[in-house]
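Both chains are sitting in their own frames, so use the hints and assemble them into the complex.
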Amino acid sequence: MSSSVSARVWLVVALLATLHLLLHVSFSMDGGAPDLLTLGLLLASREIGTGRAASLGLFWGLLEDALSVLSFGANSVAMTILGIGGALTRDLFVGDSRFFLVSYVFIGKWTRDLFHWIAVDSGQRQPFVEEVLVDGGIASLYLVPVGVLVAMVTGLGRDK
Amino acid sequence: MPPYAPEPESNGRQRELFVAGVVLVLAFSAMFLSGGSQQQIAGVFQTSFLRPFTEVQLRREVARLRGVAVEDMRSLVDSLTLMLITHAAVVDENETLRELLVLGERAGAQYRPATVLRPGTPGSESMFLVDVGAEDGLRQGSAVVGPAGLIGVIREVRSRQAVGMDWTHPDFRVGAMIEDGSAYGLVERWEGEFREADRLVLNGIAFNQSVARSSRVVTSGAGGIFPRGIPIGRTQEVFDTEGSWRKSYWLDPFVDPASTTHVLVLTRDVDLDATRIWPGDSIAAADRAPVSGGAS
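Chains as they are written, first to last, in this note's numbering: chain L, -9 to 150; chain V, 656 to 951.
Note that these hints are calculated values from the structure, not bench results.
Computed from a predicted structure; not experimentally measured.
Each residue gets a CB set at the ideal place from its N, CA and C atoms; glycine is no exception.
Please note that a few of the clues may not be correct.
Unchecked claim - Chain L side only, calculated, beta carbon under 8 Å to chain V, not exhaustive:
no., residue
1, LEU12
2, GLY22
3, GLY127
Stated by the list, open to error - Label-pair distances were calculated between CB atoms; the ranges are:
no., chain 1, residue 1, chain 2, residue 2, range
4, V, ALA718, L, VAL119, 54 to 62 Å
5, L, PHE17, V, THR770, 57 to 65 Å
6, V, GLU726, L, GLY113, 34 to 42 Å
7, V, ARG668, L, PHE17, 40 to 48 Å
8, L, GLY113, V, GLY667, 41 to 49 Å
9, L, SER18, V, GLY667, 41 to 49 Å
10, V, GLU726, L, PHE17, 17 to 25 Å
11, L, PHE17, V, PRO774, 52 to 60 Å
What the hints assert, rightly or not - Some chain V residues well away from chain L (every beta-carbon gap over 10 Å; in silico):
no., residue
12, VAL699
13, PHE700
14, GLN701
15, THR709
16, VAL745
17, THR776
18, GLU843
19, PHE894
20, THR915
Excised from the complex, chain V in its bound form (with noise of 0.2 Å):
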C-alpha cells in the first residue's frame, strides 16, 4: 500500500478548483470578445430564456399604452363636451342678448335692460331680482319683457334693485286681448299638479264669442299696469266654460320665465301702446318655441 496514496476527495477538489478557473477565464473572456460576438451571445438568450419574459413585458406594456389612449381618450371627449355644453350656452345667451337688443332699439330709453337673478331659495319660485332700480326709473308694477313678450311684473322697488314675479306666479294677472281685438279677457296663472305643469288661461271670453285656436294674445292695456300690445301667448283648446255667459282658453306662452337671464323693465315715462315694439315678425320668431311650462 502506498503511503501517499492520492486521497479521491482531493483530486475532486482540484478538479473543482480547475473548472472554476475555466470558468472564470471565460467569464473574463466575454468582457473582451468583439462587439459583434457580444451581441451573438446576448441574442441566443434573449431569443431563449429571456423570451417569454421580454414578451409579457412586451404585453404588459401594450395594455398599458393602451390604458394611457383610453385615458386620453376620454379626456378627450369629457373636454369637448364641456366644450360643447359651455359653447350652447353662450350661443343661448348670446342670440338673447341680440334679440333683445333689437327690441330695445325699437322700445327706446322707457325700457332699461336688467338682468335676472334668481335667488333659488325655498319659497322664492316665481320671484327674481333685477340690478335695476329707482334710480333707474322703475316703478312698482312695470312690466317686464323679453324678446318673445311678457314675463312678468315688478313688485318691490329698491334705489338700485327690484323684486319681479313672473307669469308663473299665484298673484300673477293681466288684462288681454286678442292681437286684432275681437275679445278682452284676464290673463292669470292655472296651477298644475306640480310647478312645471303650471300654465296660462285667458278668462272672462264671452260665451257667444268664438275664438280661433292659435290665436295671438297680447296685453290689453286694461288697467293702466301694462302697456298695450307685450305679446303674451296663444290660445289652444277651451279650458272651461262657466254656464252660458263665459269661457276660458288654455294660452301657450311665448316666454319660459326658467330660462330668463336678460330682460327689458319698463320706466315711468310709459307708452301704453307697445304694438309697435313687437311687430309681427318677432312673435312669429317665438311661435317657433312655444312654450308649455312655466316653472322658474
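This is chain L alone, in the form it adopts within the complex (with noise of 0.2 Å):
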C-alpha cells in the first residue's frame, strides 16, 4: 500500500469516527444514525492489514466499551474479531465488485453484533430475535448505502 493510500485510509478512518461520535455520543442519536466505527473498520481493515486491522478494531472498541456501563469488553472482542475478519477477506475475494461491497457492510455490520451478542454477558443482553436478527438487521441494511456512498466518495473498498 502507498503512502498515499495510507494517508487516505486513515483520513477516512478519523473522519468517520469523529462523525460516528458526534452523532452517537455527542447528538445521542442512537440509532437514528450509523454505526460509521464499524464502517470504516470494515473499509480500512481491507487495506491496512491483518495485525493493524485487529489493533484498530481493538481501539475502537474499547472506546464504545468506555461508554457502555455493562459488559466491559464486549465491543473489543466483536470490533477486533471484526478487524480481523475484514482484513482476512482480502484473500478470499478480490472485492471490486458493487455487490461484494454490499454484501461485505451488510454481512460486516451483522457480524459484529452478533458478536457484541455473544461476547455480553447473558443476564444482560436482550433476546437474540430482537437484538441481532430484528435491530442487528435494520442496522446493517441502514448501513449498506452509507458504506456504498464512502467507498464511491473515498475509494476505499476497490481492489488496487
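As C-alpha cells, this is what we get:
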C-alpha cells in the first residue's frame, strides 16, 4: 500500500470515527445514525493488514466500551474479530464489485452485532431475535447505502 | 541459493497474524479484567478521546434543559395571566351582583333582577335583551337601572324577554333635575364623532339659572315613565347656550352601559319616588368611578 493510499485510509477512518462519536455521543442519535465506526473498520481492514486492523478494532472497541456501563470488553472483542475478519477477506475475495461491497458491509455489520451479543453477559443482553435479527438486521441494512456512498467518495473498498 | 528460501511476504504475513492474535487475546482479556481496572481504562478514554464529544453532549443537554425551563416558565406566566384576568372579571361581576343585591333589597319587589345580553350584531348597538318579560310584570317604558343609576329603558316586551335601549341610543330622553330640585331639564344623548365619544347633555336649563359644577342629576319623574330620583350623572361645564333664554350642560354619567351585565327592571307596580333607593352614599360610590363615554 502506498503512503498516499495509507494516509487517505487513516484520514477516512479518523473522519468516520469523529462523525460517529459526534452523532452517537454528542447528539445522542443512537439507532438514528449509522454505525460509522464499524464501517470505517470494515473499509480500512482491507487496506491496512491484519495486525493493524485488529489493533484498530481493539481501539474502537475500547472507545465504545468506555461508554458502556455493562459488559466491558464486549465491543473490544467484537470489533477486534471484525477487524481480523475484514482483513482476511482480502485473501478470499478480490472485492472489486458493487455486489461484494454491499454484501461485505451488510454481513460485516451484522456479524459485529452477533459477536457483540455473544460477548455480552447472558444476564444483560436482549433476546437474540430482537437484538441481532431485528435491530442488527435493520442497522446492517441502514449501513449499506452509507457504506456504498463512502466507498464511492473515498475510493476505499476497491481492489488496487 | 537455497531451494526453499523463506518468502519475505510469508514472513510479513505471519507477523501480521501474530500481532492480530496478540490483539485478540488482549481484547478477550479486557472482558476478564477486574472492575477497577476496567473503570481505569474507561476513565482514560473518557477523559481523553471521548472528552470533546461528551462535553458537546453536556452543553446540548444544559441548553435543552434551559429551553424546557423557559417553556415551563412561559406556560406558568400564561396560566397566571389568564387566572388574573379571569379573577378580575369574576371579582368585578361579584361586586356588581353584591351591589345589585343591596339595591334590590332597598328597591323591593317592584324591581325585577335581570341579566343583560348584547346581540353584538351591526345596528344593534345601544340595544340589549333582558331575560325577564311581560310575565314578570314588565311594560314598555320600564326603567332599567343598576347599582349606580339609570341605564336605559325597555322598548319591546315579550312574554319572557324584553328589548331595551341604553342611554347611548339616539332616541333616549329622560326628564331630569338637579338633585335638590333647583333646576329641571331634559337629558339626552349627544352624538360624538365616534361611539366612544357619545355623551349626555342636560338641556333646557333656564339661562338665568346657575347650576354648580358636579351637581348630581337625577330623574325628575316628569312624564310618568321614570320614577323620580334615579341617578343619571353629574354636571360638567356648560355645553351650549341658546340666545339668552336657555343653556345646557355636559353630564358625566354614573353608568357605563357597555360594561353592564346585571340590572334591575321596574315592573308595573311602579312607585314614582325612587329617591330612597339611591341614597346619597350610593351615588357617592358611583362618583368614585365616573364614566366619560357610552359605547355599548
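Check the structure against each numbered hint from earlier and tell me which ones fail, lowest number first.
Checked against the structure, the hints that fail are numbers 2, 3, 4, 12, 13, 14, 15, while the rest are satisfied.
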